[in-house]
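In this text, residue positions in the sequence shown follow the working numbering: the first is 10, and each later residue adds one.
Calculated from the structure, these hints are not laboratory results. A hint or two may mislead.
[What the hints assert, rightly or not] 35 Å max Cα-Cα, derived DSBU-like pairs, lysine-lysine: (1) 50 - 379; (2) 350 - 379; (3) 70 - 369; (4) 292 - 50; (5) 330 - 379; (6) 70 - 355; (7) 364 - 350; (8) 369 - 69; (9) 69 - 209; (10) 350 - 50; (11) 330 - 301; (12) 350 - 369; (13) 165 - 301; (14) 325 - 339; (15) 325 - 155; (16) 70 - 292; (17) 321 - 301; (18) 350 - 155; (19) 364 - 379; (20) 364 - 201; (21) 350 - 330; (22) 165 - 369; (23) 301 - 339; (24) 301 - 155; (25) 364 - 155; (26) 69 - 50.
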Amino acid sequence: MSAPHSGRGHCELSPSSASRWMACPGSVALLRRVPRSGSSKYAEEGTAAHELGEECIRGKKDPADLLGEFWTDAEGVQHEIDQEMVDAVSTYVLHVREMIQQSVWYSIERQFFLDSLNPPAPMYGTADFVCIAGDILHVIDYKHGKGVAVEVPENKQLLYYALGAYVSVPQEMLPRIQRVQIAIVQPRAFHKDGPIRTWKTDVMSLVDYATDLFGMADIALAPGAPLSIGDHCRWCDAKGVCPEATRQAVQIAQGEFKVLQDKPAAPEPTLLTTAQLADFLPKFDLLESWMKGVREHAYNLLLRGETVPGYKLVDKRATRKWANEDEVEKWIATAGHDSAKLHATKLLTPAQAEKALGKKHTIPADLISKVSSGYTMAEATDARPTANIIAAADEFAAVDATSIL
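Just need the whole structure built from these sequences, with the hints factored in.
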């Protein structure tokens, strides 16, 4: 696969950032002061997954057929299309194919412009998949991320895509559309409603959304637009220079830990009560997000050639790799080395084995298992079920009891 295109919808008032700038209008002006950070490995992996899905839908391929092939990131580094990506993209591809069978019209990677609605600034984007089935306009968005499960009801980003899809469908199709259904396909993030989640509204509600969208855009483009702290800060490149984020972070630090006074006195973590832990943990999200933003901003300034007193960029640890594998193979042969010693072999993964054996051969289900790599801490309101954990003290007690018997 080719290098993923960077920046899906990078305009200032893009649909990909709608949730952020509609919640925090001041972020638009703030981001103009910040050097744009390079695409993260997660964003590039997500773009590669989108391209894999598009390739399979257009070419009527099975994502599993591309297992073991490679996609290339912005720096030219190749990454293998692994089983996790294949499984996730397959969920999206199968859902889209089902919708295509029901559709009277559809479009893959539908580009749109809102010029006909006279927006306060250029507003455009690309919806992953759009179709018309019955009297419903369907807008489907694929999310490859697994960190945060995205909610669908009244999702600002998806409604933006829906609005763009509505104005871009062929004119003769418009009379058919009475309702709009937005959907998120997010296979890698757990949600109680499953990997495919939908929400319906009507055309008039979409018109009301357009009014709100343009109204917030007017506010965002005006001088002195207000800043607001919230979950949307997570994906904002300006959080490291945001005065509101800084004010709240300093306020928390001063109030909770007194770390900005003459004699820092951060509490010893093991001495905190569970009530104190419950009080501190949600505040850490803001502090950690702000500190990460500060580091990223300093890094981007250095990357751009500016000076940050006391800091510089250095090369990461170099790793050795073959300059040319074909030349290495020739060297092995001419030097008389045992080729088997220089080629690692291992059992194929279940997905690779299925591909190698072909669809006529079924691998017994009891030979395959899914094992979690460990635990992650989440808020009590998280939709994922609580892990079944045996406390270390209980394990020791069980061992002692066994030894006594």
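Results for each hint:
Straight-line distance between C-alpha atoms of residue 50 and residue 379 comes to about 25 Å, which keeps the hinted pair within the 35 Å bound. Only pairs whose Cα atoms come within 35 Å are accepted, and residue 350 paired with residue 379 is accepted, the gap being roughly 32 Å. Under the criterion of a C-alpha separation no larger than 35 Å, the hint pairing residue 70 with residue 369 is consistent with the structure, at around 18 Å. For a cut-off of 35 Å, the pair hint linking residue 292 to residue 50 stands: about 27 Å separates their Cα positions.
Simply put, residue 330 and residue 379 have alpha-carbon atoms about 32 Å apart, close enough for the 35 Å limit, and the pair holds. Restraint check: the Cα-Cα separation between residue 70 and residue 355 comes to about 27 Å, which is no more than 35 Å; the hinted pair holds. A hinted pair counts as satisfied when its Cα atoms are at most 35 Å apart, and residue 364 with residue 350 qualifies at roughly 26 Å. Between residue 369 and residue 69, the direct Cα distance comes to roughly 20 Å. Compliance with the 35 Å bound is thereby established for this hinted pair.
Of the pairs offered as hints, the one joining residue 69 and residue 209 holds, with about 29 Å between alpha carbons and a cut-off of 35 Å not exceeded. Of the supplied pair hints, the one linking residue 350 and residue 50 holds, its CA atoms being roughly 33 Å apart against a limit of 35 Å. Pair hint residue 330 plus residue 301 holds up; C-alpha atoms about 32 Å apart against a cutoff of 35 Å. Between the alpha carbons of residue 350 and residue 369 the distance comes to roughly 34 Å, so the proposed pair stays at or under 35 Å and holds.
The hinted pair formed by residue 165 and residue 301 meets the criterion: a straight-line CA distance of about 26 Å does not exceed 35 Å. Among the hinted pairs, residue 325 with residue 339 is consistent with the structure: their alpha-carbon atoms are about 31 Å apart, no more than 35 Å. With a C-alpha separation of about 27 Å, the suggested pairing of residue 325 with residue 155 holds against the 35 Å cut-off. Among the hinted pairs, residue 70 with residue 292 is inconsistent with the structure: their alpha-carbon atoms are about 47 Å apart, more than 35 Å.
About 17 Å separates the Cα atoms of residue 321 and residue 301, which keeps this hinted pair within 35 Å; it holds. At roughly 39 Å between alpha-carbon atoms, residue 350 and residue 155 are farther apart than 35 Å, so this suggested pair is violated. With a CA separation close to 19 Å, the supplied pair residue 364 and residue 379 stays within the 35 Å bound. Among the hinted pairs, residue 364 with residue 201 is consistent with the structure: their alpha-carbon atoms are about 31 Å apart, no more than 35 Å.
At roughly 17 Å between alpha-carbon atoms, residue 350 and residue 330 fall within 35 Å of each other, so this suggested pair holds. A threshold of 35 Å between alpha carbons decides the hint, and for residue 165 with residue 369 the separation of about 45 Å lies outside it, so the pair is violated. With a CA separation close to 47 Å, the supplied pair residue 301 and residue 339 exceeds the 35 Å bound. About 20 Å separates the Cα atoms of residue 301 and residue 155, which keeps this hinted pair within 35 Å; it holds.
Simply put, residue 364 and residue 155 have alpha-carbon atoms about 26 Å apart, close enough for the 35 Å limit, and the pair holds. Straight-line distance between C-alpha atoms of residue 69 and residue 50 comes to about 28 Å, which keeps the hinted pair within the 35 Å bound.
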